[in-house]
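Asker: Let's have the full structure, built from the sequences with the hints guiding it.
Protein chains in written order, with my numbering: chain A, 1 to 233; chain B, 1 to 236.
Because the hints were derived from the structure by calculation, they are not lab data.
Where hints are given, some of them may not hold.
One-sided and incomplete, this derived list gives chain A residues near chain B with beta-carbon spacing under 8 Å [claimed, not checked]: (1) R7; (2) P12; (3) G13; (4) V17; (5) S18; (6) Y40; (7) K58.
With the C-beta cut set under 10 Å, the calculated list includes, among others, these residues of chain B facing chain A [what the hints assert, rightly or not]: (8) K49; (9) G141; (10) I142; (11) D146; (12) V185; (13) N187; (14) L227.
A short list of chain B residues far from chain A (calculated; beta carbon distances all over 10 Å) [to be verified]: (15) P81; (16) Q110; (17) Q139.
As the structure is a prediction and not an experimental result, all values here were calculated from the model.
Ideal Cβ placement from N, Cα and C applies to all residues, glycine included.
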Amino acid sequence: MADKEERKIVIPGETIVSGDEYLPGEGTEKNGQDIIALKYGLAEEQNKLIKLIPLSGKFSPRRGNVVIGKVEELTFNGWVIDIGTPERAFLSLMEVPRFVNKDALEEVMAVGDIAVLKIWSINKRGIDLSLKARGLGKIGEGLIVEVNPNKVPRIIGKEGSMIKLIKDETGCNITVGQNGLVWIKGEKVEDELLAKKAILFIEENSFVSGLTEEVTQWFGKNNGKGNTAEDKE
Amino acid sequence: MTEFKRPDGRKIDATRPMKAKVGIVKNADGSALFQFGGTIAIAAVYGPKEMHPRNKRNPAKGTLRCTYNMNSFSVSDRIRPGPSRRSTEISKVTEWSLEPIVMLGDYAGQVVDVHIQIIQADASTRCAGINAAAMALAQAGIPMTDLVSSISIGKLDKQLVVDVDKAEEDWEDGEGATDIALSFVHNNEKLSHIQLDGYITAEQLKEAVELGKQATKKVYELQKEALKNPGKEVSA
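Answerer: As structure tokens, then:
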């Protein structure tokens with residue numbers, strides 16, 4: 001593990017490294033001298049800190065996450081929204097930045113509507129969502145792509161480099177929810193489909209190092225040509 | 001002792017050819033296949049998700065719920081589909097054998113569902129099921145302290161053998177057959193599950209446990225290899 005770039009798959013209970021100088025990070029535990037994995041995933045070392053990046057599993061919500069969810073139910077004071085967590089996610093009337101008629105909640109959002117939301121707090125009763133920030137709100141049109149929530153950091157890239165690349169190449173507006181739903185909105189359907197293919201390509205090749213370059217090359221191959229192939233299908 | 005011959009000609013400490021594969025059920029959060037010769041088990045993990053029925057919720061920690069099912073076509077005499085006394089027992093035993101390794105403290109009021117399907121049976125099905133379930137749980141991203149590996153030890157007349165198949169389970173010579181299912185937690189080598197069907201002396205049981213401990217190491221290596229190569233079938 002001397003090489004910082006090197007990542008390896010570890011299984012629960014496996015000793016990742018041993019030595020007093022290492023510190024256990026997320027998903028790991030220290031037992032004597034050994035750093036032990038507590039989850040299945042990729043082990044990564046940064047300044048003697050061992051971190052574990054999960055490869056699979058459900059979305060684990062954090063405060064401040066931007067997510068995309070579907071309205072499941074209307075209650076007298078808000079909406080119950082499915083964001084792919086086992087806990088119940090709730091959007092209160094108070095967290096909508098405009099006047100809402102309490103007798104006509106469906107005018108704002110009805111069952112089945114999809115919205116971009118922010119996780120405002122997490123407590124024992126469940127998750128509280130908010131619409132009070134820029135870029136949040138009900139989704140009108142566009143394309144929703146579902147990916148593995150654990151691959152979301154790859155799609156965004158380092159400081160948003162990957163998502164910026166896709167935006168520039170396709171001219172689409174893309175919102176990535178931390179729960180693995182991606183909203184693509186472009187001028188033309190072809191652009192949206194290209195962006196979708198790019199995202200699925202990243203999800204499939206998330207192991208590759210230097211992925212941003214790989215995706216640039218992929219765009220070189222698929223841009224323009226990809227559209228005609230799509231037409232033939 | 002040296003002249004002892006097993007029906008299929010294996011050595012006394014040899015398992016049947018084993019195969020393992022992770023990620024075979026697309027819809028599941030985690031899934032795995034484990035095979036001991038003619039015994040094939042598939043495990044699929046769903047969750048953590050909200051526990052239904054609500055009265056079964058545990059507000060202190062998450063629940064592990066296993067369902068073992070033998071398919072009606074898995075044996076030559078069709079077995080009646082649906083839950084039976086035997087499958088309910090094995091479900092519960094599987095749950096208990098996996099409980100020491102899963103850490104469900106953060107999932108209060110939720111459940112992790114493990115479905116085990118036996119699609120082909122040639123004895124030792126519960127062991128294959130536990131092995132598959134441990135791999136599937138790991139792949140589902142459930143926090144775990146370790147893996148569990150399981151093996152069956154048989155006593156045919158007076159001879160201890162590893163990994164019993166159907167012909168050996170029905171052994172009738174001498175003292176007959178005793179079937180011992182054992183599951184070990186890998187790192188601390190502790191037993192998480194033991195079942196015994198038949199007669200055995202205390203000394204020989206100790207010997208059987210020791211034999212099982214050695215044999216599960218091979219099982220563990222295979223589970224590890226399968227998890228490190230998701231989507232690929234590995235065999236030993």
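Asker: Using Cβ atoms and 10 Å as the threshold, tell me whether Q139 (chain B) really stays out of contact range of chain A.
Answerer: Q139 (chain B) not clear of chain A: closest Cβ-Cβ about 6 Å, inside 10 Å.
Asker: Mind checking the CB of P12 (chain A) against every CB in chain B and telling me if the closest is under 8 Å?
Answerer: P12 (chain A) check passes; min Cβ-Cβ to chain B is 4 Å, inside 8 Å.
Asker: The hint names K58 (chain A) as touching chain B; please verify it with the least Cβ-Cβ distance against 8 Å.
Answerer: holds, 6 Å
Asker: Per the CB criterion, is D146 (chain B) less than 10 Å away from chain A?
Answerer: holds, 3 Å
Asker: Please verify that hint: S18 (chain A), Cβ, nearest Cβ of chain B, below 8 Å or not.
Answerer: With a closest approach of 13 Å, the S18 (chain A) hint is violated.
Asker: Per the CB criterion, is Y40 (chain A) less than 8 Å away from chain B?
Answerer: OK, holds: Y40 (chain A) within 8 Å of chain B, min 4 Å.
Asker: Using Cβ atoms only, decide whether N187 (chain B) comes closer than 10 Å to chain A, and label the hint accordingly.
Answerer: Holds: closest Cβ of chain A sits about 5 Å from N187 (chain B), inside 10 Å.
Asker: Take the shortest C-beta to C-beta distance between I142 (chain B) and chain A; is it under 10 Å?
Answerer: holds, 7 Å
Asker: Going by Cβ atoms only, is K49 (chain B) closer than 10 Å to chain A?
Answerer: Interface hint status for K49 (chain B): holds (5 Å vs cutoff 10 Å).
Asker: Hey, does the V185 (chain B) contact hint survive, CB to chain A under 10 Å?
Answerer: Since chain A brings a Cβ to about 8 Å from V185 (chain B), closer than 10 Å, the hint holds.
Asker: Is the nearest CB of chain A more than 10 Å from the CB of Q110 (chain B)?
Answerer: Check fails; 5 Å does not lie beyond 10 Å.
Asker: Given L227 (chain B) as an interface hint, is the shortest Cβ-Cβ distance to chain A below 10 Å?
Answerer: holds, 5 Å
Consistency note: the structure conflicts with the earlier hints numbered 1, 4, 5, 16 and 17.
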